[in-house]
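Letter by letter, the chains look like this.
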Amino acid sequence: MLFDLFMVFAKIGAFTLGGGYAMVPLIQSEVVDRKSWIEKEEFIDILAVSQSTPGALALNMATFIGYKKKGILGAASAILGAIMPSFLIILIVAMFFTKFMNVKAVQEAFMGIRPAVAALIAFSVYKIAMTSKIKPMWYIIAVISAVLVIFFDVDPILIIIVSGLSGAVIGKLGGTKDGDNN
Amino acid sequence: MEIIIKLFLTFAKIGAFSIGGGYAMLPFIQREVIGRYGWLTTGEFSDILAISQMTPGPIAVNSATFVGYTEGGILGSAAATLGVALPSFIMILLIAAFFIKIYEKKTTKNVFRGIRPAVVGLIAAAAYSVTVESVIDIKGAIIFGLSLLSLFHKKVDPIYVIIASALVGIIVY
Numbered sequence: 019m020l021f022d023l024f025m026v027f028a029k030i031g032a033f034t035l036g037g038g039y040a041m042v043p044l045i046q047s048e049v050v051d052r053k054s055w056i057e058k059e060e061f062i063d064i065l066a067v068s069q070s071t072p073g074a075l076a077l078n079m080a081t082f083i084g085y086k087k088k089g090i091l092g093a094a095s096a097i098l099g100a101i102m103p104s105f106l107i108i109l110i111v112a113m114f115f116t117k118f119m120n121v122k123a124v125q126e127a128f129m130g131i132r133p134a135v136a137a138l139i140a141f142s143v144y145k146i147a148m149t150s151k152i153k154p155m156w157y158i159i160a161v162i163s164a165v166l167v168i169f170f171d172v173d174p175i176l177i178i179i180v181s182g183l184s185g186a187v188i189g190k191l192g193g194t195k196d197g198d199n200n
Numbered sequence: 015m016e017i018i019i020k021l022f023l024t025f026a027k028i029g030a031f032s033i034g035g036g037y038a039m040l041p042f043i044q045r046e047v048i049g050r051y052g053w054l055t056t057g058e059f060s061d062i063l064a065i066s067q068m069t070p071g072p073i074a075v076n077s078a079t080f081v082g083y084t085e086g087g088i089l090g091s092a093a094a095t096l097g098v099a100l101p102s103f104i105m106i107l108l109i110a111a112f113f114i115k116i117y118e119k120k121t122t123k124n125v126f127r128g129i130r131p132a133v134v135g136l137i138a139a140a141a142y143s144v145t146v147e148s149v150i151d152i153k154g155a156i157i158f159g160l161s162l163l164s165l166f167h168k169k170v171d172p173i174y175v176i177i178a179s180a181l182v183g184i185i186v187y
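Line by line, the protein sequences are chains L and X.
The number in the working numbering is simply the position in the first sequence, starting from 1, with 18 added.
The number in the working numbering is simply the position in the second sequence, starting from 1, with 14 added.
A few of these clues could be false.
Simulated coverage check for chain L against chain X, where a stretch passes if three residues somewhere in it have a Cβ under 8 Å from a Cβ of chain X [claimed, not checked]: (1) 24-35; (2) 43-51; (3) 54-62; (4) 74-82; (5) 95-106; (6) 128-141; (7) 156-162.
Because the hints were derived from the structure by calculation, they are not lab data.
Here the structure is a predicted model, which is why all the values come from computation and not from measurement.
Idealized CB from N, CA, C, for every residue including glycine.
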């Protein structure tokens with residue numbers, strides 16, 4: 019079972035391009051549909067918890083599913099499986115990267131890629147805003163956070179802590195009603 | 015040895031605070047890896063993101079492995095990668111074992127109501143600074159605009175956007 023957990027998550031880690039969210043459908047098809055390790059409803063709960071916990075989404079899900087199946091050792095096997103493929107691939111890329119970057123065509127390619135990556139990040143702001151179910155009023159926190167980081171060089175860690183506290187305090191003061199659960 | 019410990023601790027810190035997965039860790043990597051230690055420039059970091067988009071696995075692991083290797087060799091890459099994974103591992107174990115109900119509590123929901131928009135703002139800040147550093151001439155501005163347009167309107171897969179921009183780069187630069 020431990021080896022099985024390792025292999026399933028190594029397979030998922032090896033075949034999903036584009037990071038965490040791209041891995042979710044693959045994790046679902048492996049652990050829910052093919053292996054029947056987890057029920058569909060439980061999978062959705064695990065996804066929700068993994069999204070609300072710090073760290074890489076895929077690693078959070080691997081740890082959770084591994085723990086469900088085989089305790090702490092299961093969690094360790096699953097997370098190592100999820101890490102291993104990208105670790106090995108990036109290690110190889112990093113080893114040759116400097117040499118590779120001396121090739122003129124590669125430098126030119128990356129001159130073109132850098133603005134495209136900036137566009138990808140800008141687009142991800144929009145995507146995350148759309149999927150986060152944020153009420154219009156609360157966007158003030160987004161604006162304040164961005165301004166503090168860009169213009170005042172405030173530590174993002176501080177922003178996460180303060181915004182979480184603000185949410186708790188505003189909620190407590192009755193800024194939100196019962197049953198108003200997002 | 016000091017660098018190995020520093021890599022481990024820095025990436026553990028990044029792993030412990032980036033909520034939301036994927037690009038949510040950008041602002042933390044920028045602050046610690048680029049700003050504080052100067053292990054990467056913004057341009058190099060952008061290259062790693064492009065490589066991450068084209069290679070399998072979570073962006074967090076890819077960045078940690080890459081930075082770890084350039085700063086501390088294979089041992090450094092192992093330390094950084096374990097560092098970025100460890101907070102996930104510990105927190106999820108604790109939650110799965112004891113606190114699964116914590117997400118049903120009203121206070122927890124309120125806390126996340128505050129954090130979610132902050133994460134959007136933090137990624138927007140990261141987008142701003144990466145754009146300022148990466149779009150340095152009119153050609154870059156056009157590539158940026160076309161990429162954004164194809165992502166928004168044509169829903170093009172990011173990997174094709176990167177491949178196309180690489181080809182354009184080779185042609186125009």
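Hint check:
no. : hint    : in the structure
1   : 24-35   : holds (count 5)
2   : 43-51   : violated (count 0)
3   : 54-62   : violated (count 0)
4   : 74-82   : holds (count 7)
5   : 95-106  : holds (count 6)
6   : 128-141 : holds (count 14)
7   : 156-162 : holds (count 7)
Violation of the numbered hints given earlier is confined to hints 2, 3; the remaining hints are satisfied by the structure.
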